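**Q** Sequence:
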Amino acid sequence: MHGQHGLKWSHFLLLAFVFILGIFVPLSWHRKHGRHPIEPLHPRLAQVTPPTSNVPTDHASISDWRIDLQSATESLVKVEGLSRTYRRYCGIADPPPHYQRPTWPSPHAILKKIDALEQVAITRDWAEHVRTQLNCLQQCKSLTDEKTSSVFNHLQNALDEAPLIVTQLDRSPFTYHFNATCYDLKRRLAIWRSGQNLSDAFPQGIVNLNQPFLGGSCLRHNRTPSDSTSVSIDVSELLAALEQYEFSRLGSDAAKIASVIDPLLDSENAAQRALGEVMDRHYRNANIRIVATGDLMNRLLPASRDEASRIDDYILGVPVWGNSRTRTRLQTRLIPDPQSIRIGMEAWGLVLSDTVASSRNVYMYNEGETGFLVRKLILINHQGVKAKPSVAEAMSQSELIDVESDYDSIPLVGSWVRKTARRKHAEGHDDALSEMEYRVASQAKQTFDREFDPRLRKGINGFYHELWKPLDQLGLDPTAVQLSTTEERATGRLRLGSADQITGFSARPRALSNSMLSMQFHESAINNGLERLELDGNTFSLHDLHLHIMTKIGRSVDQVPESMPENVVITFAAKDPIRVHCDDGVVTLTVSVQRITKGSRYKWSNLRISARYGIETEGIKAYLTRQESIRLEGKKLRTRDQIALRGVFSKLLSRGTKIPLVPEKISDNPRISNLAVNQKQIEDGWIGLAIGPQNPVPAVTREGPHRPLR
Numbered sequence: 005m006h007g008q009h010g011l012k013w014s015h016f017l018l019l020a021f022v023f024i025l026g027i028f029v030p031l032s033w034h035r036k037h038g039r040h041p042i043e044p045l046h047p048r049l050a051q052v053t054p055p056t057s058n059v060p061t062d063h064a065s066i067s068d069w070r071i072d073l074q075s076a077t078e079s080l081v082k083v084e085g086l087s088r089t090y091r092r093y094c095g096i097a098d099p100p101p102h103y104q105r106p107t108w109p110s111p112h113a114i115l116k117k118i119d120a121l122e123q124v125a126i127t128r129d130w131a132e133h134v135r136t137q138l139n140c141l142q143q144c145k146s147l148t149d150e151k152t153s154s155v156f157n158h159l160q161n162a163l164d165e166a167p168l169i170v171t172q173l174d175r176s177p178f179t180y181h182f183n184a185t186c187y188d189l190k191r192r193l194a195i196w197r198s199g200q201n202l203s204d205a206f207p208q209g210i211v212n213l214n215q216p217f218l219g220g221s222c223l224r225h226n227r228t229p230s231d232s233t234s235v236s237i238d239v240s241e242l243l244a245a246l247e248q249y250e251f252s253r254l255g256s257d258a259a260k261i262a263s264v265i266d267p268l269l270d271s272e273n274a275a276q277r278a279l280g281e282v283m284d285r286h287y288r289n290a291n292i293r294i295v296a297t298g299d300l301m302n303r304l305l306p307a308s309r310d311e312a313s314r315i316d317d318y319i320l321g322v323p324v325w326g327n328s329r330t331r332t333r334l335q336t337r338l339i340p341d342p343q344s345i346r347i348g349m350e351a352w353g354l355v356l357s358d359t360v361a362s363s364r365n366v367y368m369y370n371e372g373e374t375g376f377l378v379r380k381l382i383l384i385n386h387q388g389v390k391a392k393p394s395v396a397e398a399m400s401q402s403e404l405i406d407v408e409s410d411y412d413s414i415p416l417v418g419s420w421v422r423k424t425a426r427r428k429h430a431e432g433h434d435d436a437l438s439e440m441e442y443r444v445a446s447q448a449k450q451t452f453d454r455e456f457d458p459r460l461r462k463g464i465n466g467f468y469h470e471l472w473k474p475l476d477q478l479g480l481d482p483t484a485v486q487l488s489t490t491e492e493r494a495t496g497r498l499r500l501g502s503a504d505q506i507t508g509f510s511a512r513p514r515a516l517s518n519s520m521l522s523m524q525f526h527e528s529a530i531n532n533g534l535e536r537l538e539l540d541g542n543t544f545s546l547h548d549l550h551l552h553i554m555t556k557i558g559r560s561v562d563q564v565p566e567s568m569p570e571n572v573v574i575t576f577a578a579k580d581p582i583r584v585h586c587d588d589g590v591v592t593l594t595v596s597v598q599r600i601t602k603g604s605r606y607k608w609s610n611l612r613i614s615a616r617y618g619i620e621t622e623g624i625k626a627y628l629t630r631q632e633s634i635r636l637e638g639k640k641l642r643t644r645d646q647i648a649l650r651g652v653f654s655k656l657l658s659r660g661t662k663i664p665l666v667p668e669k670i671s672d673n674p675r676i677s678n679l680a681v682n683q684k685q686i687e688d689g690w691i692g693l694a695i696g697p698q699n700p701v702p703a704v705t706r707e708g709p710h711r712p713l714r
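Residue numbers (this note's numbering): 5 to 714.
Simulated from the structure, these hints should not be mistaken for laboratory data.
Keep in mind it's a predicted model, so treat the numbers as computed, not measured.
Any given hint could turn out to be false.
Taking lysine-lysine pairs in the DSS-like style, the calculated list, with each CA pair at most 30 Å apart, reads [said to hold, decoys possible]:
1. Lys684 to Lys117
2. Lys117 to Lys190
3. Lys602 to Lys655
4. Lys602 to Lys473
5. Lys662 to Lys462
6. Lys684 to Lys655
7. Lys190 to Lys116
8. Lys556 to Lys639
9. Lys684 to Lys602
10. Lys662 to Lys392
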């Protein structure tokens, strides 16, 4: 039988001989080099810290040394707890660990955008050239390959050609996609150059930092017996982690990047700080931008006011009485400032008076006109809101209409008295005007402060308690990244996100040139807030969930909404339980659930529920509303399961619920009823909205292709 299959006893002898060699040859090699035969080895050995040789064996601790290894598939493999007797040391030192330099990571997110640009004739050649260079970069054998400099130069040349291509697109729908791709490429190029410079400074590919922090596969901790902490960063895997986040935009992937930035910024090495600065500039950018024109601010102010009043006063000791009518108009004036928002509040007024002055049986009839101006400077900067003291000024003119006296019936005497009265009136005319101007200015200033200061204080307090304080309580560290003012517009760029979170990084939509109010919100502003709700892996009933969220944002709750389903308990996923994704004209809300129970009858596990929202407009009003049916993803969901789950989430994520994007104080103002939403865009992580004329003429974007990051 053995002969029929070609298998002979000599074959068994050969296999046995090979088996014996496989055992004894490694043993002899380990004896020669002083290594234990079953000691774990790895081609990417990070650090080996042997125990101190002068410590007796009896006192050797199980944690005397530690090996940190990194596998190709696992993020970090830790081998600890090896006793001194587990390894025999001799006088021959271990060779230095060999580091296999990895290739450049593939930028999947930007390649996806290039796919779309290759379908457009104007951008096809440019996109193909960029793709070719990115392919060449991935073929480089290491981060420090000599070919990378040539690739970077070609990519920079492509960016330099972008403005010319934008002019050829001529406000095509692809203009934004092209600009966004260029912005992504510019961001990659800046980080790649910094990463390459860091690799040049540390050829072994691993950078040690004396800062403790958490991270993913690109980070590793190495503790020595002296209890000092050092951190090493794998530059290539850091670049790969960036590409992973660019593609997924998940909070769990963002945490790996955010945890690296501060240690790099605090490093004493210039190359490390340079990389940290580039990452901080691009991945901790503003995620909210609001721009308002002075014209819009004036429209939101109260209309002109007319008031009639009686005059009963003394001017230069002379009693004066009569009637007056005051007309007041409020307006704002934007004062250019590149570092803050400066708004000049102005009250322009005109007082028309018809008075009688009486002195020693002589009556002088006057008609006067006094113009006044009250100004108050409001300064918004990184320290908060400041209101400067009001300043008022006035200018008067009057005309003596007639003079009467009790001696008019006496010949010659009456005319002499009137003539004398006119002469004295002319002599004191300037003094009377000065006193009138002072009184009008003082009264206008008091009236302005009495009415404006409480409203300003109420607005500031409302903004702080209703918006700023809840965001701060969530740990989002609201920060004004940029505040600036021109003669036409006031701009505020804000960042919502703590030091361990990523904020805006992609190219935002650009507002039209004729927009009077424009707003852009990046999805990170929402996701960072959702992350701070601390839902990961926790279990709530829907009632408890509502109370938990209200407590987190500092809102008092009297009762739970009646529409909230009862007997429903949710256990959220341990990672990324709730996320918002903004792209392709849709805001997608995704809820990842580990378990849902409804009473004792229904129980589901490992579900993902998603709802898609779009922007609907009604004149100047804009809302986010659910567009389609709720999507359920899970294994073995039967028809009755789908019905039960949709019944729960259709109430939580009701299609009838409208999320307003324009504040009611703006949308309900009748003075801007002739405006409308003239731009709405959801792309590349951003929600863009602009308000302008209802029938706008063709408008271009206000900004050029190069915008400040901060």
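**Q** Is it true that the CA of Lys662 sits at most 30 Å from the CA of Lys392?
**A** Distance of about 40 Å is beyond 30 Å: violated.
**Q** Taken at face value, is the distance from the CA of Lys655 to the CA of Lys684 at most 30 Å?
**A** 27 Å, holds
**Q** Is the straight-line distance between the alpha-carbon of Lys556 and that of Lys639 30 Å or less?
**A** 33 Å, violated
**Q** Do the alpha carbons of Lys662 and Lys462 lie within 30 Å of each other, as the hint requires?
**A** Holds, at roughly 27 Å.
**Q** Verify the proposed pairing of Lys602 with Lys473, using a straight-line Cα cut of 30 Å.
**A** Distance of about 36 Å is beyond 30 Å: violated.
**Q** Under the criterion that the straight-line Cα-Cα distance not exceed 30 Å, is the pair Lys602, Lys655 satisfied?
**A** OK: Lys602 and Lys655 at ~14 Å, within 30 Å.
**Q** For the pair we were handed, Lys190 and Lys116, check the Cα-Cα distance against 30 Å.
**A** 16 Å, holds
**Q** Are the Cα positions of Lys684 and Lys602 separated by 30 Å at most?
**A** Not satisfied, since the Cα-Cα distance of roughly 39 Å exceeds 30 Å.
**Q** So if I understand the rule, the pair passes when the alpha-carbon distance is 30 Å or less; does Lys684 with Lys117 pass?
**A** 21 Å, holds
**Q** Are the Cα atoms of Lys117 and Lys190 separated by 30 Å or less?
**A** 14 Å, holds
Against the hints set out earlier in the document, violations occur for numbers 4, 8, 9 and 10.
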